[in-house]
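The chain contents come next:
Number of protein chains: 8
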Amino acid sequence: MQDILKKLLEEVKSGKLSIDKAMDKLKSLPYEDIDIAKIDTHRELRTSLPEVIFCQGKTIEQIILIVKKIKANKTGINRIIATRANKEIYKEVKKIAPEVVWYEQARIIASPSKNKNKTGNILVITAGTSDIPVAEEAVVIAELMGNKVNKAYDVGVAGIHRLFSIKDKLFDANVIVAVAGMEGALASIVGGLVDVPVIAVPTSIGYGASFNGLAPLLTMLNCCAPGVSVVNIDNGFGAGYLAGLINKKSK
Amino acid sequence: MQDILKKLLEEVKSGKLSIDKAMDKLKSLPYEDIDIAKIDTHRELRTSLPEVIFCQGKTIEQIILIVKKIKANKTGINRIIATRANKEIYKEVKKIAPEVVWYEQARIIASPSKNKNKTGNILVITAGTSDIPVAEEAVVIAELMGNKVNKAYDVGVAGIHRLFSIKDKLFDANVIVAVAGMEGALASIVGGLVDVPVIAVPTSIGYGASFNGLAPLLTMLNCCAPGVSVVNIDNGFGAGYLAGLINKKSK
Amino acid sequence: MQDILKKLLEEVKSGKLSIDKAMDKLKSLPYEDIDIAKIDTHRELRTSLPEVIFCQGKTIEQIILIVKKIKANKTGINRIIATRANKEIYKEVKKIAPEVVWYEQARIIASPSKNKNKTGNILVITAGTSDIPVAEEAVVIAELMGNKVNKAYDVGVAGIHRLFSIKDKLFDANVIVAVAGMEGALASIVGGLVDVPVIAVPTSIGYGASFNGLAPLLTMLNCCAPGVSVVNIDNGFGAGYLAGLINKKSK
Amino acid sequence: MQDILKKLLEEVKSGKLSIDKAMDKLKSLPYEDIDIAKIDTHRELRTSLPEVIFCQGKTIEQIILIVKKIKANKTGINRIIATRANKEIYKEVKKIAPEVVWYEQARIIASPSKNKNKTGNILVITAGTSDIPVAEEAVVIAELMGNKVNKAYDVGVAGIHRLFSIKDKLFDANVIVAVAGMEGALASIVGGLVDVPVIAVPTSIGYGASFNGLAPLLTMLNCCAPGVSVVNIDNGFGAGYLAGLINKKSK
Amino acid sequence: MQDILKKLLEEVKSGKLSIDKAMDKLKSLPYEDIDIAKIDTHRELRTSLPEVIFCQGKTIEQIILIVKKIKANKTGINRIIATRANKEIYKEVKKIAPEVVWYEQARIIASPSKNKNKTGNILVITAGTSDIPVAEEAVVIAELMGNKVNKAYDVGVAGIHRLFSIKDKLFDANVIVAVAGMEGALASIVGGLVDVPVIAVPTSIGYGASFNGLAPLLTMLNCCAPGVSVVNIDNGFGAGYLAGLINKKSK
Amino acid sequence: MQDILKKLLEEVKSGKLSIDKAMDKLKSLPYEDIDIAKIDTHRELRTSLPEVIFCQGKTIEQIILIVKKIKANKTGINRIIATRANKEIYKEVKKIAPEVVWYEQARIIASPSKNKNKTGNILVITAGTSDIPVAEEAVVIAELMGNKVNKAYDVGVAGIHRLFSIKDKLFDANVIVAVAGMEGALASIVGGLVDVPVIAVPTSIGYGASFNGLAPLLTMLNCCAPGVSVVNIDNGFGAGYLAGLINKKSK
Amino acid sequence: MQDILKKLLEEVKSGKLSIDKAMDKLKSLPYEDIDIAKIDTHRELRTSLPEVIFCQGKTIEQIILIVKKIKANKTGINRIIATRANKEIYKEVKKIAPEVVWYEQARIIASPSKNKNKTGNILVITAGTSDIPVAEEAVVIAELMGNKVNKAYDVGVAGIHRLFSIKDKLFDANVIVAVAGMEGALASIVGGLVDVPVIAVPTSIGYGASFNGLAPLLTMLNCCAPGVSVVNIDNGFGAGYLAGLINKKSK
Amino acid sequence: MQDILKKLLEEVKSGKLSIDKAMDKLKSLPYEDIDIAKIDTHRELRTSLPEVIFCQGKTIEQIILIVKKIKANKTGINRIIATRANKEIYKEVKKIAPEVVWYEQARIIASPSKNKNKTGNILVITAGTSDIPVAEEAVVIAELMGNKVNKAYDVGVAGIHRLFSIKDKLFDANVIVAVAGMEGALASIVGGLVDVPVIAVPTSIGYGASFNGLAPLLTMLNCCAPGVSVVNIDNGFGAGYLAGLINKKSK
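Protein chains in written order, with my numbering: chain Y, 11 to 261; chain U, 11 to 261; chain V, 11 to 261; chain X, 11 to 261; chain P, 11 to 261; chain B, 11 to 261; chain C, 11 to 261; chain Z, 11 to 261.
A portion of the hints provided could be inaccurate.
Claimed, not checked - In silico SDA-like pairs for lysine to any residue, Cα to Cα no more than 20 Å straight-line:
1. Y:Lys179 <-> Y:Lys97
2. V:Lys259 <-> U:Gly156
3. C:Lys259 <-> B:Ala82
4. Z:Lys78 <-> Z:Glu109
5. U:Lys259 <-> V:Gly156
6. C:Lys258 <-> C:Phe181
7. X:Lys258 <-> P:Leu75
8. V:Lys259 <-> U:Thr129
9. X:Lys124 <-> X:Leu75
10. Y:Lys261 <-> Z:Lys78
11. U:Lys158 <-> V:Gly156
12. B:Lys161 <-> X:Asp45
13. P:Lys97 <-> C:Glu71
Honestly, the hints are just simulated from the structure, not real lab data.
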């Protein structure tokens with residue numbers, strides 16, 4: 011945005027741009043306003059991902075309105091990605107954006123990525139079978155950004171040999187996403203084994219004193235192994251995106 | 011009430027009022043007792059708003075009983091305002107108070123305001139699209155009190171330029187209501203930009219470590235920017251009412 | 011800041027300002043950078059209060075550095091206000107800013123206000139004797155902004171007649187700051203009696219299940235009476251500042 | 011039980027009772043064992059209330075089994091009282107205990123009390139209309155114990171005059187049950203006005219930072235007014251029973 | 011206060027009292043205002059206890075000021091009771107009120123009770139030795155009100171036979187105060203054995219997951235045995251006062 | 011595993027095993043990988059229990075896949091145990107594993123134990139009737155491991171004589187599982203009576219300040235009686251398994 | 011106690027014992043009452059440990075009083091064990107019980123165990139160096155009970171190879187005590203490796219989101235590996251005692 | 011470790027290594043055992059950092075013992091890094107490791123890095139002046155690993171222009187560490203501006219409803235901007251290390 015501002019000032023100086031228009035540009039540039047939402051239509055240029063629609067808490071009407079606006083965008087940037095989406099939403103979106111694909115486990119609706127050359131090496135692992143949906147959200151997001159993703163599920167610490175059997179995968183990754191509910195100890199063990207960034211995702215899987223994910227969240231935050239950081243409970247999207255950022259920049 | 015008490019004492023002294031009647035008056039004056047509720051029939055005289063029916067937790071039968079009593083009030087003060095009302099309640103109330111209007115997003119049933127001259131300038135903003143219902147509750151309440159209200163939705167801090175594009179609105183307002191879930195940082199930013207009171211409304215929008223609104227609540231309470239105060243999670247009504255109080259008294 | 015930006019663009023256009031200088035100005039304008047802190051030297055122009063030094067958590071060395079920079083400011087805006095300050099800090103500051111006054115109960119160090127014409131009417135009340143330091147912080151801040159402040163201490167709800175004896179003060183105020191620890195019910199009662207904004211300040215006074223102020227904080231947030239908003243536990247500064255903002259704008 | 015033990019020892023000494031039988035008696039005396047429950051069939055002799063069936067968490071089959079056992083009790087003590095009971099349970103119980111009455115608001119099923127002489131004076135009050143079901147649970151239990159009960163609902167502190175209009179009732183009671191959700195300040199005010207025991211019942215009525223009744227619970231526990239004690243959230247039964255105990259013993 | 015109000019109205023009617031004086035009386039009657047505190051000088055008439063000074067959180071200067079005012083009271087009601095008082099406070103108070111006694115364990119300073127005829131029967135028990143200070147606070151307060159108090163300390167449930175050895179005391183009491191930290195199970199057991207009110211006092215004695223008394227507080231609130239109510243953590247004063255109220259009214 | 015590693019190294023040395031095959035063995039030995047889960051097929055050899063399927067949070071498809079894999083296991087170890095299973099799951103599993111039995115209260119599906127010689131003596135007790143499902147989970151698991159289990163339900167502390175009537179059972183057990191919701195005091199009492207390990211299981215039975223089992227959890231953790239340890243809220247499985255381990259090793 | 015009761019009844023029957031004396035015996039038997047404490051003088055007969063003095067929260071005077079009483083016990087059972095004891099307490103106790111030893115790290119004062127034949131095999135491990143004091147409390151208690159104890163400290167999961175290097179110790183133990191602060195994952199890993207009971211002890215070692223041990227407590231409670239149970243935060247005593255109970259009964 | 015294992019197996023096969031020695035090697039390889047701690051002497055080979063001594067909770071004796079062992083290490087890897095170290099510790103360490111430097115603000119003792127070629131670009135920013143110590147811990151750790159670090163302190167959101175003035179630094183960084191207490195909104199704003207990983211560090215700076223850092227922790231976890239992950243409260247070390255990992259691998 012620094013550059014945009016500098017260029018703007020230069021155009022004003024050279025007379026190419028009137029002051030009023032400069033003011034307007036500053037306000038309207040990076041998004042479209044549809045009253046219920048301001049859509050960041052340029053986001054994909056800056057990052058590898060377009061603005062993502064977080065469906066939870068939005069009405070179907072609102073989602074459709076946003077999808078329509080993105081589809082109508084004249085810049086040619088009109089890829090759809092919607093998370094926390096159920097089948098009902100998918101059916102409605104499909105009607106106006108027939109290209110979209112439905113990732114059921116990940117609960118993601120997305121225009122297929124045109125980028126076929128996936129690069130780097132992200133590893134997404136889960137402690138249990140029930141953690142898979144959160145992990146899949148991370149996997150799909152990272153792949154949509156053009157990253158190459160490996161997975162290994164149900165390798166939790168209650169059977170430590172399961173984790174060791176995937177050592178090759180662990181030591182080959184540029185960055186690891188560790189998804190775990192219950193006591194969430196997976197991230198600690200992995201963090202002690204590898205020397206790459208580990209993104210820990212606590213899940214709400216568990217019962218009783220898990221307090222909907224508080225237990226693994228605290229476990230991961232208190233992790234003795236350095237190199238581990240944490241995202242919100244069940245936030246597969248955030249973990250996948252961050253892993254993508256790190257992987258893309260990795261040598 | 012100070013005045014009422016003084017006048018009462020004077021009437022007793024002058025003999026206009028017997029002691030027993032004075033005692034009775036003190037008890038019965040400002041409300042009507044319908045056993046399940048004591049309705050403050052004089053409230054609109056003192057404030058710009060009649061007593062508001064908070065529907066959540068009440069049975070339809072109780073709500074209808076209260077509405078009937080208000081409608082039957084001989085003082086001429088029989089405007090209906092009911093919050094947290096769903097469609098089913100609306101249909102029942104409509105039968106006995108056909109003048110009422112249904113504000114769907116705000117979940118408010120209300121007799122239309124006769125006051126057409128809305129004054130002042132309240133700005134209601136939200137961080138996201140999902141926060142709109144809470145914001146609308148604030149908007150409708152403030153408008154029913156006779157305040158002029160501006161709005162700007164989906165201007166959360168994840169895309170700070172969205173917020174800056176509404177700078178004119180921000181700097182023109184007498185008081186701002188900032189509605190945000192997730193991490194609730196909106197109030198902090200706005201509080202740092204403006205020099206008018208900011209009423210922060212945390213919402214239960216979010217998941218995981220938002221703990222049903224605890225996260226934005228704490229964020230807003232710890233706001234470094236002075237001039238910010240906080241109401242209960244999802245309490246659009248309280249924010250709208252308080253904004254109305256401040257706006258009405260503003261020069 | 012909108013105006014500053016517009017003026018800048020105009021000066022660039024007219025050639026008065028080179029692009030590089032405009033860029034610099036945008037960066038350096040509203041504060042002075044002393045490495046450990048960025049001091050907002052223009053704040054008093056925009057609000058009625060200069061940038062306030064929050065002493066808690068800062069070393070004496072850091073505080074003195076900031077005070078020196080403010081004193082050296084060539085704009086003539088060099089009023090000192092420091093909160094959460096103990097006697098030791100006061101003695102050190104006094105050496106380099108001999109004009110400052112020490113408000114012991116309020117724990118505030120301040121250059122005396124030149125404004126002798128205090129206006130409006132703020133009422134600050136406390137539930138108990140132990141809540142007075144927090145209340146005094148609010149009182150001193152509001153007065154330093156040029157507001158007229160009334161006080162009434164130890165009027166908590168355990169003896170409701172104490173509260174009623176200050177009815178005149180309650181009904182005359184433009185805005186009320188209600189400071190209470192323990193169960194914090196004071197704000198609810200006052201909020202039900204008056205029709206002006208009530209700013210509730212929970213304090214950490216109490217023991218056991220008060221959990222360092224959590225109990226009065228929740229009480230105040232759940233207040234049934236509308237017109238009440240809440241600031242952080244023990245945040246007398248924030249309450250005083252907000253009350254000042256509202257009072258100053260009141261008709 | 012002291013007496014029972016002494017009598018037992020005496021009967022053993024005098025030879026009336028063999029040692030083995032004494033052992034058996036000690037084990038089986040005060041209840042009947044039906045495998046899923048041990049029913050205290052003698053409870054009504056010791057207190058004014060038979061063993062009460064807490065329905066929440068029990069299957070209908072379990073409840074019916076317990077009712078049948080009580081009905082079959084040969085001691086003649088076979089009065090039924092069941093709390094937290096819905097209509098479905100009532101219908102099933104009615105089939106095998108046709109004498110029972112259904113207190114809908116209080117969610118209580120009970121054999122009618124034969125005691126027509128209700129004595130003493132308990133006052134049950136609520137802050138709002140939505141708190142009534144919890145209050146009714148207290149009222150019905152206290153009445154089933156033979157206590158005289160007054161009530162006054164919707165007298166919360168947001169309109170303090172409502173509370174004052176019931177002063178006669180407040181000052182006449184031997185013991186007061188104060189039921190309140192939201193911020194729960196009612197108990198504090200009442201505790202400051204009267205000199206009889208106040209039993210505070212927080213309710214889960216509220217939203218947001220009420221955290222399902224945590225807010226009024228903490229308010230009531232931190233009550234500055236002495237003479238107030240607290241029972242569990244929504245525990246109308248406990249409050250009614252305790253009020254009954256106190257009232258029955260009152261001069 | 012009802013009576014005071016009625017009498018006032020009558021005096022106004024009969025001309026004995028002018029309206030302005032009536033207004034003044036209403037305000038000033040039941041307390042003396044010393045700026046930092048409003049002292050309820052008539053309290054002892056209404057209850058068996060004068061206004062009690064809660065020392066925690068007050069400066070010695072404030073405490074001395076309040077004591078002086080009480081001593082100077084012309085009504086003859088000038089008994090001193092101060093709780094949460096350490097030795098330093100005691101020494102200072104002793105200088106101006108030489109009649110006071112120092113209850114070290116209970117941390118209470120008090121003018122000796124003139125009432126020598128202690129009546130009724132309150133039992134105060136503790137689970138452990140460390141809970142004794144809180145229990146002593148209850149004992150001293152109840153005795154100062156003129157109640158007869160029995161005690162039994164260190165009878166916690168880890169050795170259930172200890173509790174049973176005090177059965178006589180348990181069954182003779184009109185009301186029982188059960189003081190316990192750690193897991194706080196004492197109140198549950200006692201509540202299941204007796205048929206008189208049990209006032210449960212959680213203490214902050216414990217460590218780790220006691221969370222400063224949260225554990226026994228929750229235990230006591232969830233007590234299955236009816237007849238048990240709870241006061242704040244470490245609130246021996248409140249428990250003693252409430253037990254006194256109940257005992258005094260007991261047949 | 012120490013032994014397996016040593017044997018492996020020896021086979022490699024003697025040439026029986028190639029290095030690559032040794033590497034493979036280390037990875038694949040103790041489980042089968044079916045992508046969504048890694049099944050520990052050898053678990054029953056090491057412990058008395060096969061790998062248990064925790065159904066909660068898994069889809070029926072996932073459960074069926076796991077069951078199929080276990081059934082197909084060529085080692086002959088293909089006993090099925092699935093916990094937190096509802097009827098729908100049972101019906102589906104029955105189709106492919108017709109030998110399984112449905113323990114409705116315990117919510118367990120299991121191949122019947124071939125071991126008819128149950129040994130030792132575990133006692134499982136509950137405070138109330140509603141705690142039975144959690145207790146039954148413990149009972150069934152312990153029995154499936156070949157342990158002899160006694161039970162005594164509804165012996166909570168509100169009627170302490172109920173507990174004493176089962177003294178014989180209490181003193182005969184090698185290990186006791188104490189299951190309780192509400193205030194959870196049962197474990198404390200039992201822990202004070204016996205000299206064998208007590209495994210305390212808090213349940214989510216209760217309401218209000220039980221906070222879904224937090225209250226009994228804290229009670230049990232703060233238990234003054236030594237010899238008591240705690241498992242997760244509602245974790246009947248864990249308690250039954252641990253009791254089994256201890257009982258099996260008992261002299 | 012069943013036996014004692016039976017014998018008592020027999021003596022009464024045979025006339026050996028009068029009823030009054032039987033009553034007295036029932037009350038006074040198992041402890042000595044010194045007003046501030048009831049000392050269980052027979053405890054060592056029933057368990058392998060005498061009554062233990064928990065010093066925290068007791069005054070030195072109280073501790074000395076208890077020690078004196080134990081020393082004066084005529085039964086010959088006068089072994090001293092005091093936990094959470096600092097040096098000051100040790101010096102005072104030493105004066106009247108010169109045989110006692112001071113275990114500095116474990117903070118235990120104890121008469122030396124006469125039992126030289128330590129049996130069985132308990133393993134006590136810690137995650138970090140800072141957890142050692144809690145572990146030592148467990149070690150000393152278990153040894154005082156006559157158990158053989160192994161230790162391995164600083165084997166936390168951040169360096170998993172450290173844990174594996176003590177595999178022999180892990181697989182040889184009858185019962186393992188796992189002491190860990192921070193994220194507390196040690197218990198989960200160990201629980202997944204061994205088939206003996208694991209007693210998990212969370213410690214308050216850590217900072218920030220460890221919340222004084224809440225994080226490892228929740229981790230351990232949510233442990234996926236079966237066979238793990240948990241004691242209170244920092245409760246080395248409880249863990250050592252329980253491990254002793256299990257070890258002593260192990261085949 | 012995969013490689014080490016493979017090589018070991020090969021050496022065993024070829025006869026270079028006996029089985030017993032292989033077993034020993036596996037156990038003793040990567041650390042030295044000094045009873046109170048297991049020191050990972052090879053860590054620096056694997057990462058850019060030697061094993062770090064976390065001083066908090068350790069005695070000076072323990073720290074010195076560990077330092078001595080590292081100094082005595084014959085591999086030549088004997089660089090000292092100790093965090094959370096006060097001056098007293100520094101003085102003692104200096105005596106036996108005279109090369110160490112004392113980073114006062116960061117509370118770190120370290121052997122100076124020999125690596126003079128710092129590479130990449132990490133930016134460390136703080137919201138306030140009081141957050142600097144935590145930030146400095148991150149800065150020093152990252153620099154000791156050989157990273158180039160920029161800093162910008164006191165750029166919190168209460169004065170958003172402060173943040174914008176460091177835009178160049180923000181857009182040039184490979185990874186950003188955002189340190190903030192109070193409401194912690196800094197990470198959200200920065201996360202919305204940049205497209206590189208942001209590591210958010212909540213601090214315990216604040217008061218009242220900050221609950222020792224819980225408020226900024228929750229804010230950061232709920233951050234709407236993707237690309238942000240969180241470490242423990244005040245965990246400057248972890249953030250610095252993770253930033254170092256990411257920066258070192260960045261193109």
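Hints versus structure:
{"no.": "1", "hint": "Y:Lys179 <-> Y:Lys97", "result": "33 Å, violated"}
{"no.": "2", "hint": "V:Lys259 <-> U:Gly156", "result": "19 Å, holds"}
{"no.": "3", "hint": "C:Lys259 <-> B:Ala82", "result": "39 Å, violated"}
{"no.": "4", "hint": "Z:Lys78 <-> Z:Glu109", "result": "13 Å, holds"}
{"no.": "5", "hint": "U:Lys259 <-> V:Gly156", "result": "19 Å, holds"}
{"no.": "6", "hint": "C:Lys258 <-> C:Phe181", "result": "18 Å, holds"}
{"no.": "7", "hint": "X:Lys258 <-> P:Leu75", "result": "43 Å, violated"}
{"no.": "8", "hint": "V:Lys259 <-> U:Thr129", "result": "15 Å, holds"}
{"no.": "9", "hint": "X:Lys124 <-> X:Leu75", "result": "24 Å, violated"}
{"no.": "10", "hint": "Y:Lys261 <-> Z:Lys78", "result": "38 Å, violated"}
{"no.": "11", "hint": "U:Lys158 <-> V:Gly156", "result": "29 Å, violated"}
{"no.": "12", "hint": "B:Lys161 <-> X:Asp45", "result": "9 Å, holds"}
{"no.": "13", "hint": "P:Lys97 <-> C:Glu71", "result": "18 Å, holds"}
Comparing the model with each numbered hint stated earlier shows that hints 1, 3, 7, 9, 10 and 11 do not hold.
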